[in-house]
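A.B. asks: Listed below, chain by chain, are the residues.
Protein chains: 2
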Amino acid sequence: MKTTDKYIDENKDRFLEELFELIRIPSISSESAHKQDMIRCAELWRDNLLKAGADKAEVMPTEGNPIVYGEKIINKKKPTVLVYGHYDVMPVDPIELWNTDPFEPVIKDGKIWARGADDDKGQSFMHAKAFETMVKTDTLPCNVKFMLEGEEEIGSGSLAKWIVKNKKLVKADVILVSDTSMIAADVPSITTGLRGLAYWEIEITGPKADLHSGLFGGSVANPLNVLCEMIAECMDRNNRITIPHFYHDVEKCSKRERELLNMAPYDEEEYKKSLGVKALRGEKGYTKIEQVGIRPSFDLCGMWGGYTGEGSKTVLPSKAYAKLSCRLVPHQDHEKIAKLVQRHFEKNAPDYVSVKVTPLHGGEAYVCPIDLPAYKAAEAAYMNTYGKQPIPMRSGGSIPIISTFEEVLGIKSILMGFGLGEDAIHSPNENYRVDHFYKGIETIIAFYQHYAEMA
Amino acid sequence: MKTTDKYIDENKDRFLEELFELIRIPSISSESAHKQDMIRCAELWRDNLLKAGADKAEVMPTEGNPIVYGEKIINKKKPTVLVYGHYDVMPVDPIELWNTDPFEPVIKDGKIWARGADDDKGQSFMHAKAFETMVKTDTLPCNVKFMLEGEEEIGSGSLAKWIVKNKKLVKADVILVSDTSMIAADVPSITTGLRGLAYWEIEITGPKADLHSGLFGGSVANPLNVLCEMIAECMDRNNRITIPHFYHDVEKCSKRERELLNMAPYDEEEYKKSLGVKALRGEKGYTKIEQVGIRPSFDLCGMWGGYTGEGSKTVLPSKAYAKLSCRLVPHQDHEKIAKLVQRHFEKNAPDYVSVKVTPLHGGEAYVCPIDLPAYKAAEAAYMNTYGKQPIPMRSGGSIPIISTFEEVLGIKSILMGFGLGEDAIHSPNENYRVDHFYKGIETIIAFYQHYAEMA
Numbered sequence: 028m029k030t031t032d033k034y035i036d037e038n039k040d041r042f043l044e045e046l047f048e049l050i051r052i053p054s055i056s057s058e059s060a061h062k063q064d065m066i067r068c069a070e071l072w073r074d075n076l077l078k079a080g081a082d083k084a085e086v087m088p089t090e091g092n093p094i095v096y097g098e099k100i101i102n103k104k105k106p107t108v109l110v111y112g113h114y115d116v117m118p119v120d121p122i123e124l125w126n127t128d129p130f131e132p133v134i135k136d137g138k139i140w141a142r143g144a145d146d147d148k149g150q151s152f153m154h155a156k157a158f159e160t161m162v163k164t165d166t167l168p169c170n171v172k173f174m175l176e177g178e179e180e181i182g183s184g185s186l187a188k189w190i191v192k193n194k195k196l197v198k199a200d201v202i203l204v205s206d207t208s209m210i211a212a213d214v215p216s217i218t219t220g221l222r223g224l225a226y227w228e229i230e231i232t233g234p235k236a237d238l239h240s241g242l243f244g245g246s247v248a249n250p251l252n253v254l255c256e257m258i259a260e261c262m263d264r265n266n267r268i269t270i271p272h273f274y275h276d277v278e279k280c281s282k283r284e285r286e287l288l289n290m291a292p293y294d295e296e297e298y299k300k301s302l303g304v305k306a307l308r309g310e311k312g313y314t315k316i317e318q319v320g321i322r323p324s325f326d327l328c329g330m331w332g333g334y335t336g337e338g339s340k341t342v343l344p345s346k347a348y349a350k351l352s353c354r355l356v357p358h359q360d361h362e363k364i365a366k367l368v369q370r371h372f373e374k375n376a377p378d379y380v381s382v383k384v385t386p387l388h389g390g391e392a393y394v395c396p397i398d399l400p401a402y403k404a405a406e407a408a409y410m411n412t413y414g415k416q417p418i419p420m421r422s423g424g425s426i427p428i429i430s431t432f433e434e435v436l437g438i439k440s441i442l443m444g445f446g447l448g449e450d451a452i453h454s455p456n457e458n459y460r461v462d463h464f465y466k467g468i469e470t471i472i473a474f475y476q477h478y479a480e481m482a
Numbered sequence: 028m029k030t031t032d033k034y035i036d037e038n039k040d041r042f043l044e045e046l047f048e049l050i051r052i053p054s055i056s057s058e059s060a061h062k063q064d065m066i067r068c069a070e071l072w073r074d075n076l077l078k079a080g081a082d083k084a085e086v087m088p089t090e091g092n093p094i095v096y097g098e099k100i101i102n103k104k105k106p107t108v109l110v111y112g113h114y115d116v117m118p119v120d121p122i123e124l125w126n127t128d129p130f131e132p133v134i135k136d137g138k139i140w141a142r143g144a145d146d147d148k149g150q151s152f153m154h155a156k157a158f159e160t161m162v163k164t165d166t167l168p169c170n171v172k173f174m175l176e177g178e179e180e181i182g183s184g185s186l187a188k189w190i191v192k193n194k195k196l197v198k199a200d201v202i203l204v205s206d207t208s209m210i211a212a213d214v215p216s217i218t219t220g221l222r223g224l225a226y227w228e229i230e231i232t233g234p235k236a237d238l239h240s241g242l243f244g245g246s247v248a249n250p251l252n253v254l255c256e257m258i259a260e261c262m263d264r265n266n267r268i269t270i271p272h273f274y275h276d277v278e279k280c281s282k283r284e285r286e287l288l289n290m291a292p293y294d295e296e297e298y299k300k301s302l303g304v305k306a307l308r309g310e311k312g313y314t315k316i317e318q319v320g321i322r323p324s325f326d327l328c329g330m331w332g333g334y335t336g337e338g339s340k341t342v343l344p345s346k347a348y349a350k351l352s353c354r355l356v357p358h359q360d361h362e363k364i365a366k367l368v369q370r371h372f373e374k375n376a377p378d379y380v381s382v383k384v385t386p387l388h389g390g391e392a393y394v395c396p397i398d399l400p401a402y403k404a405a406e407a408a409y410m411n412t413y414g415k416q417p418i419p420m421r422s423g424g425s426i427p428i429i430s431t432f433e434e435v436l437g438i439k440s441i442l443m444g445f446g447l448g449e450d451a452i453h454s455p456n457e458n459y460r461v462d463h464f465y466k467g468i469e470t471i472i473a474f475y476q477h478y479a480e481m482a
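Protein chains in written order, with the working numbering: chain A, 28 to 482; chain B, 28 to 482.
None of these hints come from the bench; they were simulated from the model.
Any given hint could be a false lead.
Which copy is meant is left open, so a pair is good if it fits within one copy or across any two.
In silico DSS-like links for lysine-lysine, alpha-carbon gap of 27 Å or less [claimed, not checked]:
1. Lys383 to Lys346
2. Lys83 to Lys198
3. Lys366 to Lys305
4. Lys346 to Lys300
5. Lys305 to Lys374
6. Lys300 to Lys383
7. Lys383 to Lys192
8. Lys104 to Lys163
9. Lys415 to Lys383
10. Lys192 to Lys300
11. Lys235 to Lys300
12. Lys39 to Lys78
13. Lys363 to Lys104
14. Lys366 to Lys104
15. Lys315 to Lys346
16. Lys235 to Lys315
17. Lys103 to Lys466
18. Lys39 to Lys415
Please take these sequences and the hints and turn them into a complete structure.
C.D. replies: Right, dumping it as structure tokens:
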């Protein structure tokens, strides 16, 4: 038995008990009543890092919730790993749907049941215990820095500013994060991509005031009809976006990576059933996994105009509105796309309406190349603990702070998530498998060993 | 001087004073506080008809406001004219915008200023005074029946039922109505058509619940995008409705009638300016007057779905909704069209969504052929009093009770309106030109003379 495995085994109950202490603090970042809990939670993390063997650890104030920073520098010539996690959690409503107290963790059916059990107290604490294990068994092969924020669930506003000011402090070679899921308990995976986002509000104005649909209908453009037409023209029969140059910068995924992505188990019938649809709709030539993982999307998030009440009021409305969003993929610059789409709608506006497009929000996509040494190290680590190669997985969602890290610090993040889809994060009865907690610790330790050799 | 003209001239001040008495009763049908005023107004009409020379006149109760019925039968072999009008008026809000008391008529700048001065007390009372003039000068050439309702501004619900029960009582050869406008004071016109209406609510369901637009966007149909596409497909580049068989029953207007319709003065620059648009949009091959007069329309009256609040919430909504209306033209059966459009949307629904279409409301179009003897009589009457041929005018709007008359009683209505666009009906400072009041009386008398000869 390896010394690290032995250490984990001897301390396994304590590890769990320490995690429970962290979970017991109701650190809900979106509720101001929990302001003091945020500070208590940050302080407990600091104390944990110090006990685990950090050279230093501190609670650093921000305009919002504090950031916990800790480090252990063993040798400036060795590579440095920056661990990122968050100690804030989501609210617990509707509380009546919880089977147990969300802030009093219990173990049942091999799982920890509590708010934050997975997201992200359970997952981030694995890094603290992996660190402790390596320090105490004298096997830590890299420098380690910890950075934990208390605002991940509300947009990471303070951290985005804090890293700009603390670039030097957090200087590292790679960021290690456990805040995502794996495909299944026996199908290890690493999230290698997150989509970016661009978001617009479109306002179409026809006549200057609402008109009588009888006296004018048929001779005047109806802005709702025009908006429908303009949106419809943006997608062709193959479900490809037709806006010129939209795909110009889209990352071309290697055949090898596409093969790996598609190794993820996927049951189309099961998927359709879970969504309640008879058929799917996506870009021709790509699998469902690729459609959400490596291809951009074009979705109305909202649309409104005219009469929307009960019954049948006739009106030819003056204005029509839509909220449009595109998920973006690596190499697509969200600001460039924002302008491209804005210009497209404004340029193609028929002369019988005026069109105003306002970009509202955006963020870059993130991708971790699978030939990166740090990725290879993670892959090797999973091979050790799971006995099989992890599948690289592109998530369709966006975690803006991950691309911000790359932008500001110039380094990649490795997203080694050990959660499962069934963990009910953000929902009642959040849970995290106990064996994933321990296996995560082992895999993280294995990552450090491989990374020290490869980096 | 004709005896009728002499009679009008000798009684002109009294005619106006009697109209003012009618106007002074605030018979606002949509406000229940005026229930007693409705009855008072109906009773005053009855008294007026009796004094004018009716054989009988009565206030007939309904579930809503009473109907005034009066008649004078001179000879059962002579043709019978049924006069229709309404004694109810619109509310007066915003009262602060009125320059004078809406229920105390004043004459200024050659106009009567008051609520109901045009719509429809002023216009309907011309018929009472034309009738009186003919009776008192012994020149009445037809039988006359009067039918005045008190719910025109709130949908004519009671009258629609009443005529079914009183078919025999109101049996006539033609209906004569003054409740519309003419093109301009020096451009007499007769409204020969009103459009019908069909109205639907469309509900499109994609996934059974709102989805994360990142995790699913690109692989699942978005019901808002689908709704846009389905609406856009209903109109081609020539702004023709593409739903199969939609135009199947559309009345083919004769070249002559189209020529006459287009004699109405129309200034495109002025029209665009009044609407605040740089360009118009309508079916290719038809003038603006034809587009709203003799061609059907396809307009969204409302549309909604997803997030419609401030800022940029991302969501892939489960449902999308639209309120769709088509103005219909003569020979299009509104129930047939309702089913046609419903089936079109349901049949063409892509298999990745489900579509539900609910017809909400409908009414038939109305058309008065310009070769009808009664129309010819009206035309000749305008020639007498205005010295020029009136232009047949198709209104884009709908007056459902007019098509109900045709449906139930099997007779046509002649819409001899003497109002003007500037009369501010339904608005503050409603007015009606005094010279139109007298000229209307003369024209109505001329109609009776011509009709008696032609019918």
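A.B. asks: Going through the numbered hints above, which ones does this structure break? Give me the numbers in ascending order.
C.D. replies: 7, 9, 10, 13, 14 and 17
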